[in-house]
Amino acid sequence: MERDTYKVVKNPLGTYYFSFAYCHATEIVAYFFGVFLGIIIYLIFREDLKKPFMSDIIEFVAGEMALSVPFLFIGIYMTVKTRSVKKIMTLGDVVGGEVRSYERIHVNYGGGVSGSPNTTVLNIKFHYNGLQFCSVRVGHKLPHKALASHKCKVYVYDDRVFVTGFELRKRGMPEITFKKKRY
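Numbering follows numbering that gives the first Met the number 0, in which position 42 of the sequence shown is assigned residue number 41; successive positions increment by one, without gaps.
Read the hints as simulated data drawn from the structure, not as lab findings. Check each hint, because a few of them may be wrong.
[As the list claims (entries may be wrong)] Okay, derived cross-link-like pairs now, DSS-like style, lysine-lysine, Cα gap no bigger than 25 Å in a straight line:
1. Lys-9 with Lys-140
2. Lys-150 with Lys-124
3. Lys-85 with Lys-152
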């Protein structure tokens, strides 16, 4: 029995649900806002609108574009992560997995001092060249409120795994039970 011998590739959407369409939509929106914000800021702060556009292109790139750079980085990040996931899903092997337990951990997102748990980590068991385990971050929702089943799909490629295929709970469906690890 091995534990964490594989590098877990995180879902780019950061949730239980994964969809290439949502990933691509997030990329497009991030790129659009990055470029749109850069152009709007340029037009607002441009001192002389009669001055030729090319004469101050260096100011545009250095100054006004600085506020749109985070959106462009988000778009680039989503593009890279989505391609990585696509490679694992197309070239790798898919095996059935099972959510064994979960734990709530505290992740400090913005320098806050709060010590309450804000992220759920699922502990997954799967069979690939023997019994394997991995842990996957899935966001803030508790699994008994979000999932309808313990089953999932685990894609394995080289030394990386990607966990997806969770059956999501719909309104009116009964909650299932999970073991909660306490440390």
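Name the hints, by number, that the structure is in violation of. Violated hints: none at all, because every hint is consistent with the structure.
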